[in-house]
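Take the sequences, apply the hints, and build the full model.
Respectively, the protein sequence lines represent chains A and B. Once you know that position 238 of the first sequence is 221 in the numbering used here, the rest is easy, because the numbers rise by one and skip nothing. Here the numbering used here = 1-based position in the second sequence + 4.
Hints are computed from structural coordinates only; laboratory data are not their basis. Because the structure is a prediction, the values reported are computed rather than measured. Every residue gets a Cβ at the ideal spot worked out from N, C-alpha and C, and that includes glycine. Watch out, some of these pointers could steer you wrong.
What the hints assert, rightly or not - Okay, derived cross-link-like pairs now, DSSO-like style, lysine-lysine, Cα gap no bigger than 27 Å in a straight line:
| no. | chain 1 | residue 1 | chain 2 | residue 2 |
| --- | --- | --- | --- | --- |
| 1 | A | Lys106 | B | Lys94 |
| 2 | B | Lys244 | A | Lys258 |
| 3 | B | Lys222 | A | Lys12 |
| 4 | A | Lys106 | B | Lys222 |
| 5 | A | Lys258 | B | Lys94 |
| 6 | A | Lys255 | B | Lys102 |
| 7 | A | Lys109 | B | Lys229 |
| 8 | B | Lys90 | B | Lys31 |
| 9 | B | Lys20 | A | Lys255 |
| 10 | B | Lys244 | A | Lys195 |
| 11 | A | Lys258 | B | Lys102 |
| 12 | A | Lys237 | A | Lys258 |
| 13 | A | Lys106 | B | Lys102 |
| 14 | B | Lys229 | B | Lys215 |
| 15 | A | Lys1 | A | Lys152 |
Stated by the list, open to error - Which chain A residues face chain B? A few, computed with CB under 8 Å, are given here:
| no. | residue |
| --- | --- |
| 16 | Ser66 |
| 17 | Pro111 |
| 18 | Met112 |
| 19 | Gly115 |
| 20 | Ile117 |
| 21 | Phe165 |
| 22 | Gln229 |
| 23 | Glu289 |
| 24 | Leu294 |
Claimed, not checked - Simulated DEER-style distance windows between Cβ atoms:
| no. | chain 1 | residue 1 | chain 2 | residue 2 | range |
| --- | --- | --- | --- | --- | --- |
| 25 | B | Thr240 | A | Asp31 | 43 to 53 Å |
| 26 | A | Lys27 | B | Asn36 | 47 to 57 Å |
| 27 | A | Val157 | B | Gly34 | 46 to 56 Å |
| 28 | B | Ser25 | A | Glu49 | 52 to 62 Å |
| 29 | B | Ser26 | A | Asp282 | 26 to 36 Å |
| 30 | B | Gly165 | A | Asp46 | 21 to 31 Å |
| 31 | B | Ser219 | A | Lys1 | 50 to 60 Å |
| 32 | B | Ala208 | A | Ala101 | 31 to 41 Å |
| 33 | A | Gly156 | B | Ser25 | 42 to 52 Å |
| 34 | B | Gln106 | A | Ser190 | 46 to 56 Å |
| 35 | B | Met195 | A | Asp46 | 36 to 46 Å |
| 36 | B | Gln106 | A | Val157 | 20 to 30 Å |
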Amino acid sequence: MSAIHLIIAEHDGTHFKKSSLSALAAAQKIPGACHGLVLGKNIKSMADAFAKHVPQVHMAEHDGLEHRLAQPYAKVIADVAKSIGATHVWAAATAAGKDVMPRVAVRLDAGMASDIQAVIDDKTYKRPMWAGDITGTVQLHSPVQVITVRPTEFAPVETQVQGQVSAVKADPGVNNTRFIGFEAVKSERPELADATIVVSGGRGCKSPEGFKQLIEPLADQLRAAIGASRAVCDAGWVPNDWQVGQTGKVVAPKLYIAVGISGAIQHVAGMKGSKVIVAINKDPEAPIFQVADYGLVGDVFTIVPELVQRLKAL
Amino acid sequence: MKILVTVKRVTDYEAKLQIDSSGTGVKLDGVNMIANPFDEIAVEEALRLVEKHGGEVCVLSIGSGEATTQLRAAMAMGADRGILIKAADKLDGVSISKIITQIAQEEKPDILLMGKQSIDDDSQQIAQMVAERLGFGQATQANKVVIEGEWAMVVREADGGLETLSVKLPCVITSDLRLNEPRYASLPGIMKAKKKPLDERELASLGLDLKASLSILKLELPPKKQAGEILPDVATLVSKLREVEKVI
Ligand SMILES: Cc1cc2nc3c(=O)[nH]c(=O)nc-3n(C[C@H](O)[C@H](O)[C@H](O)COP(=O)(O)OP(=O)(O)OC[C@H]3O[C@@H](n4cnc5c(N)ncnc54)[C@H](O)[C@@H]3O)c2cc1C
Ligand SMILES: Nc1ncnc2c1ncn2[C@@H]1O[C@H](COP(=O)(O)O)[C@@H](O)[C@H]1O
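Pasting the structure below:
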């Protein structure tokens, strides 16, 4: 029996997220039919856009789906999955995907593999465990499976199709949650998860001023996104949303520059997939040098300004 | 107000781990075990809420008998009592969610406080599964929790910023890193904890029909990356990035 995939297209109200195309890429590793699902209010344009990559897109519009709340979203996703006889339900392992999909699994009586990094066959996956210190191969035994996908491990699907969009009747059911507000981290810079270059600062930057003075000019010069270690987020120097690591964001840019970061495994878990890693640290024994491709040993307050000057001169 | 907090016994985040001979588990001899850090944060939050609104904090763990250590530690912080569901084998997330659900149905807490993620399985699924089974609303990755009558106002660490939700009680809340800083247990707290009730029950006594929906076929250490090159100066770095790697 061939698989029937349902891929959730996450969106921000105007665009669906590129990470949803990574979820699609993972689904396509298992032969079968692909369906997309877009939920929300006023979502036609996003459904149309997603249908450029998926042959059949279901559009669940309802006032009760205006805000992405786990309880009503899970019900509608599960209802659609049942109506098409889905065998595999996929989403990107973003904060939103992680919030909703386990509830979908319960509704479908499904087993769930979280944050997978590889598809072995139609029920077997690899996933990072213990902060990526260990890779687990896991198998699901349920007739229906729910899977969230680590976006950095699957290149977004680029091939285009002429898919169809069809509206489905959505019933959000009981909702015990109200959306009150969202305070976005404003930034002119690229999004951390999608950036081709990331510059991250750690406690070695010494203070919020030090962080600003070192990291911003370097990021500006490289048109990079800014990341940070947990120590820096906990100290309130930068928004929590910038934390890279096991319990923060996972990034895999072309170039990752770690400035004054020791390289604890919880941090490394979030950036070791980067193509080229540069570490700048005064301690030659710092574990970050074990994962870096290139290292500079010395004071970030002299090295980083010089680096910015030399980049400017190129 | 009654708060039920889940506490998982996990390997220390600083431990160097090795795969055991079965190939599906890690060697635990000589490895320090701790309470999952997110669960400690959940315990702290529960204590603060009860200090403010009155009530009781009950801690729950599922696992080997040794998890009593982590439950006693939570009681030394101030939790009132503990429940240990003794299970010999490692259970999958769905099974754990069924067990927690059953205990929640018996205990009827106003809030079920859990960690956003266990630092060994890293699966971030059990709390949401429990919420769905109970038909509760949820607020995951909490950064701030305020109780307002029948509702909990929760600020969550969402993608791209902070989201505020109001969730009707009873509900499930999961703790993120910056929700609070857990207190240390005091000496009198540790002494008192020894006398607090700890109800140890065998998994079989719950009468649940648990069938694993996920099994671990294999654990492996990822290939070790070769340590990179230490460069003499900034100029060399710039030329490597430009000419060799072509990333700038
Ligand atoms: C449950 C849990 C989850 C966690 N999740 C994460 C996570 O997601 N992400 C994360 O990052 N961490 C996480 N951590 C924390 C992690 O273990 C480390 O504590 C943290 O990454 C350290 O941050 P840091 O490297 O900035 O600070 P430090 O470890 O203090 O390192 C600072 C570094 O800067 C160097 N330095 C100092 N001054 C200078 C200078 N003038 N010039 C050059 N170098 C200098 C020092 O040599 C040192 O190596 C987690 C921890 C736990 C327990
Ligand atoms: N064996 C267990 N005993 C008690 N609580 C658990 C257990 N396993 C998971 N949990 C709870 O579920 C949360 C999320 O775990 P996970 O979904 O595995 O990332 C943890 O932070 C714990 O609060």
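Hint validation: Pro111/A versus chain B, beta carbon distance must be below 8 Å. Holds or violated?
holds, 7 Å
Please check whether Val157/A and Gly34/B have a Cβ separation lying inside 46 to 56 Å.
holds, 49 Å
Holds or violated: the hint that Ile117/A contacts chain B, with Cβ atoms closer than 8 Å.
holds, 5 Å
Chain B contact restraint on Ser66/A - CB to CB distance below 8 Å:
Not OK, violated: Ser66/A not within 8 Å of chain B, min 19 Å.
Would you check whether Gly115/A satisfies its interface hint, that is, whether its CB is within less than 8 Å of any CB in chain B?
holds, 7 Å
Starting from Lys258/A, check that the Cα of Lys102/B is at most 27 Å away, please.
Measuring from Cα to Cα gives roughly 41 Å; hence the hint is violated.
Would you check the hint for Lys244/B and Lys195/A, treating anything up to 27 Å between C-alpha atoms as holding?
Measuring from Cα to Cα gives roughly 26 Å; hence the hint holds.
State, for the Cβ atoms of Ser26/B and Asp282/A, whether the hinted interval 26 to 36 Å holds or is violated.
violated, 48 Å
Starting from the range 36 to 46 Å, see whether the pair Met195/B and Asp46/A falls in it by beta-carbon distance.
Check failed, 56 Å falls outside 36 to 46 Å.
Next pair to validate is Lys229/B with Lys215/B; report whether the Cα-Cα distance is within 27 Å.
violated, 38 Å
Given the hint that Lys106/A pairs with Lys222/B, does the C-alpha gap stay at or below 27 Å?
The hint holds at about 14 Å.
Taking 46 to 56 Å as the stated bounds, is the beta-carbon spacing between Gln106/B and Ser190/A within them?
holds, 50 Å
Checked against the numbered hints given earlier, this structure breaks hints 5, 6, 11, 14, 16, 29, 31, 35; the rest are met.
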